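There are 2 protein chains.
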Amino acid sequence: MADRVAGPEIERLIQLLARLPGLGPRSARRAALHLMRKREDLLGPLADAMALARERIVTCSACGNIDTIDPCTICCDVRRDATTLVVVETVADLWALERAAVVRGRYHVLGGVLSPLDGVGPDDLNLAGLVDRVSGAGLSEIILAVNATVDGQTTAHYVTDLLAHLDLKVTRLAHGVPVGGELDYLDEGTLAAAMRSRTAF
Amino acid sequence: MADRVAGPEIERLIQLLARLPGLGPRSARRAALHLMRKREDLLGPLADAMALARERIVTCSACGNIDTIDPCTICCDVRRDATTLVVVETVADLWALERAAVVRGRYHVLGGVLSPLDGVGPDDLNLAGLVDRVSGAGLSEIILAVNATVDGQTTAHYVTDLLAHLDLKVTRLAHGVPVGGELDYLDEGTLAAAMRSRTAF
Numbered sequence: 000m001a002d003r004v005a006g007p008e009i010e011r012l013i014q015l016l017a018r019l020p021g022l023g024p025r026s027a028r029r030a031a032l033h034l035m036r037k038r039e040d041l042l043g044p045l046a047d048a049m050a051l052a053r054e055r056i057v058t059c060s061a062c063g064n065i066d067t068i069d070p071c072t073i074c075c076d077v078r079r080d081a082t083t084l085v086v087v088e089t090v091a092d093l094w095a096l097e098r099a100a101v102v103r104g105r106y107h108v109l110g111g112v113l114s115p116l117d118g119v120g121p122d123d124l125n126l127a128g129l130v131d132r133v134s135g136a137g138l139s140e141i142i143l144a145v146n147a148t149v150d151g152q153t154t155a156h157y158v159t160d161l162l163a164h165l166d167l168k169v170t171r172l173a174h175g176v177p178v179g180g181e182l183d184y185l186d187e188g189t190l191a192a193a194m195r196s197r198t199a200f
Numbered sequence: 000m001a002d003r004v005a006g007p008e009i010e011r012l013i014q015l016l017a018r019l020p021g022l023g024p025r026s027a028r029r030a031a032l033h034l035m036r037k038r039e040d041l042l043g044p045l046a047d048a049m050a051l052a053r054e055r056i057v058t059c060s061a062c063g064n065i066d067t068i069d070p071c072t073i074c075c076d077v078r079r080d081a082t083t084l085v086v087v088e089t090v091a092d093l094w095a096l097e098r099a100a101v102v103r104g105r106y107h108v109l110g111g112v113l114s115p116l117d118g119v120g121p122d123d124l125n126l127a128g129l130v131d132r133v134s135g136a137g138l139s140e141i142i143l144a145v146n147a148t149v150d151g152q153t154t155a156h157y158v159t160d161l162l163a164h165l166d167l168k169v170t171r172l173a174h175g176v177p178v179g180g181e182l183d184y185l186d187e188g189t190l191a192a193a194m195r196s197r198t199a200f
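One line per chain: the protein sequences are Y and A, in this order. If you number the first sequence the way numbering that gives the first Met the number 0 does, the last residue is 200 and the count never jumps. If you number the second sequence the way numbering that gives the first Met the number 0 does, the last residue is 200 and the count never jumps.
So here's chain Y without its partners, still in its complex pose (with noise of 0.2 Å):
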C-alpha cells in the first residue's frame, strides 16, 4: 500500500532497511521517517558512510577481519604478540574481544561454525587458511575462542584434531558463571562446568 503514498523510493528505501538485522518492516518505516526528518544530519552523512564503506572495506587476507586495509590493522600490528593466535567464529567475536581488550597476539576468522544440520561443513570455513599460516609461523599457542554452543564446541574438536601433528599448545576459554551472574539463573551446563572447573580460593 505505502508505495502508493510515498513514491517507489522510499519504498524501496523501508524495504533494504527492512533487511538489517533488529529492524522488521515496522521499525523500517520509522527508520525511514526519521532518516527523511533528518535529511542533512543524518541520511546525508549516513549515505556517504555506506558508500564510502562499499568502496573501501575489504577482508583481511590474513584473518578474516574486515578492515579498510589488506592485512587489516590488527595483522599490521607489530606490538602485538606474534606466538598467540586466537580462532574465533565471527568478526562479531573478533570485535568483541578487542573491546575487552584480552588479546594480546593475533586472530584467525573461521567465518561461521561446522553445523551439519545447516549444511555447513569444513570447506565451508576458513580452515586450509589456518592449517597454512600455523604450519608456517611461530606459533606457540592457539586460543580456540568459539561459542559454548553445540556447534562452536564441535569446531573445537574438529580444529584441535586438524593441528594435532603439530606441536602446539591448544587452548580453549573457561567455561563457568558469567561475572556478575547469579547462580539462581544459570543452566545445569553451566553451573556443572564452574563446578568442575573450581579453583583455590
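There's no promise every hint is true.
Same chains, same names: a pair is fine if it fits in one copy or spans any two.
What the hints assert, rightly or not - Below, a list of computed lysine to aspartate or glutamate pairs in the DMTMM-like style, where the Cα atoms sit at most 25 Å apart:
1. 37 with 47
2. 168 with 92
3. 168 with 97
4. 37 with 8
5. 37 with 166
6. 37 with 80
7. 168 with 183
8. 37 with 187
Since the hints were derived computationally from the structure, they do not count as laboratory data. Predicted model only: the values in this text are computed from it and were never measured.
Based on these hints, arrange chain A on the given structure of chain Y.
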C-alpha cells in the same frame, strides 16, 4: 575501542547507524557487520537508495507529507475526496491510515502535537497552513485523526477552537475497544470510553 580494530570509516558507519530509532550501539554494530558481509546485495543498494532519497525527497508544501514530488502524490490525486481533510500528527500516522486504506480525502500533517512540557507551542506546528487551507477550499468535514494521548487530545481541542469560526463539521476518531482486543488487558479509560460510546447491536 573498536576504532583501533576496524578503522574510522567503519566506526563512523556504526555511530550513524546507532542514531536510527530501534538500533542501539550493539545492534548498530551487528547491522554494520551484516552490511559489510552483504556488500553487493545490501550495502551498495542501501547507499544508493539513501543518496537518491536525499536528493529527491521533499516535504509537500500543501499537506506536509514526505514524497518525491511537491505537491505530493496524495494531494495530486484527483480521485480523492476534496471535501474531507484528515488532520494527523506525523507522516507516520498518515502512512498508517493509508495502509489501512480508510481515508478517501486528503491529509494535513501538523508535524507534532502541542506539548507545554516539551516546549512545543502552536507556532511549532503547521497550524497556519491548516487555517489557510481550510479557509480557501470547499471543505465540508475536518477529521482530527490525532493520537488518543493527552497531548494529542489537547491539540485536537486547540485545532477545533482555531476552526470554530468556520462553518465546518469537525470530527474525531472513535475511542473504544481495539478490534481483537481483550477487555481484561484494556485500561479503565478505554473501557469507560467504549461503554459511553456503545452502539446498538
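How the hints compare with the structure:
Both within a single protomer and between protomers do residue 37 and residue 47 lie at most 25 Å apart by alpha-carbon distance, with minima of 14 Å and 17 Å respectively. With identical chains, the CA atoms of residue 168 and residue 92 are at most 25 Å apart within one copy only, with a shortest distance of 22 Å there and 61 Å across copies. For a Cα distance limit of 25 Å, the shortest separation of residue 168 from residue 97 inside one copy, 22 Å, qualifies, whereas the shortest one across copies, 64 Å, does not. With identical chains, the CA atoms of residue 37 and residue 8 are at most 25 Å apart both within one copy (17 Å) and between copies (21 Å).
Within a single copy, residue 37 and residue 166 get their C-alpha atoms no closer than 58 Å, and across copies no closer than 38 Å, so neither meets the 25 Å cut-off. Taking the shortest alpha-carbon separations for residue 37 and residue 80, neither the intra-copy value of 45 Å nor the inter-copy value of 32 Å comes in at or below 25 Å. In the homo-oligomer, the alpha carbons of residue 168 and residue 183 never lie at most 25 Å apart, since the shortest distance is 35 Å inside one protomer and 62 Å across protomers. Taking the closest pair of Cα atoms, residue 37 and residue 187 never come within 25 Å of each other, the shortest separation being 49 Å inside a single copy and 38 Å across copies.
Checked against the numbered hints given earlier, this structure breaks hints 5, 6, 7 and 8; the rest are met.
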